[in-house]
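Peer 1: Sequence:
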Amino acid sequence: MDSQQLYCSEQCLCESVLESRIREAIRQRDDQWRRHEREQIVFLQNETAMMLRGLHKEIERLGHQLRGLYVKEVREKEQHASSVENKVTEEIKKLQEQINIQADRIRQLNSELNERNQTVAYLSSQLRSYRLRDAMATAQQRRRASSNNCSSTSPIVSPSSPHRIFPPKGLVSASVTVSYPGIKSR
Numbered sequence: 339m340d341s342q343q344l345y346c347s348e349q350c351l352c353e354s355v356l357e358s359r360i361r362e363a364i365r366q367r368d369d370q371w372r373r374h375e376r377e378q379i380v381f382l383q384n385e386t387a388m389m390l391r392g393l394h395k396e397i398e399r400l401g402h403q404l405r406g407l408y409v410k411e412v413r414e415k416e417q418h419a420s421s422v423e424n425k426v427t428e429e430i431k432k433l434q435e436q437i438n439i440q441a442d443r444i445r446q447l448n449s450e451l452n453e454r455n456q457t458v459a460y461l462s463s464q465l466r467s468y469r470l471r472d473a474m475a476t477a478q479q480r481r482r483a484s485s486n487n488c489s490s491t492s493p494i495v496s497p498s499s500p501h502r503i504f505p506p507k508g509l510v511s512a513s514v515t516v517s518y519p520g521i522k523s524r
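In the working numbering, the protein residues as written are 339 to 524.
Simulated from the structure, these hints should not be mistaken for lab results.
Hints may contain errors.
Simulated crosslink set (DSBU-like; lysine-lysine; CA at most 35 Å straight-line) [unchecked claim]:
id	residue 1	residue 2
1	K425	K415
2	K395	K410
3	K395	K415
4	K415	K431
5	K410	K432
6	K432	K415
7	K410	K425
8	K395	K425
Keep in mind it's a predicted model, so treat the numbers as computed, not measured.
Please work from the sequences and hints to get the whole structure.
Peer 2: Okay, here's the thing in structure tokens:
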């Protein structure tokens, strides 16, 4: 039994050594996996950090570019608005000058119209006076002519006027028509 004990003890020793070696191998394998996992985690963290830094730089670059474009667009819009405002101001000035010229022309034409109206009124008055004098002279000539024909009879006197109107023989009529320029006679 001794040998069997020895064999058993060797076998136990072998099993124990084997078991300890297996445990050691498993431990080493687990340590390697942990190291590998840590290294993978560190690698991924570094890669993620680099990617984030790159993204932040890209975001900053795009932000600067966007601000530059925005500023450029705002300047262009301001320049366009200023240009349009200047054109409108110039157009307003031109139109105001034309309005002033037209107003001066209207004042001048109104002045000429007033002068011509005064001239027409004066000439109408003169014409009326002339026609009245002419009608009175014609009437007087007719009276003289008719009084020369009928000198023996006395003329008829108007009750409202002491002047002679009709000769005693037959009635002779005289009419006076006064017309004004621009007014149609009936």
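Peer 1: Provide an ascending list of the numbers of those earlier hints which the structure does not satisfy.
Peer 2: 8
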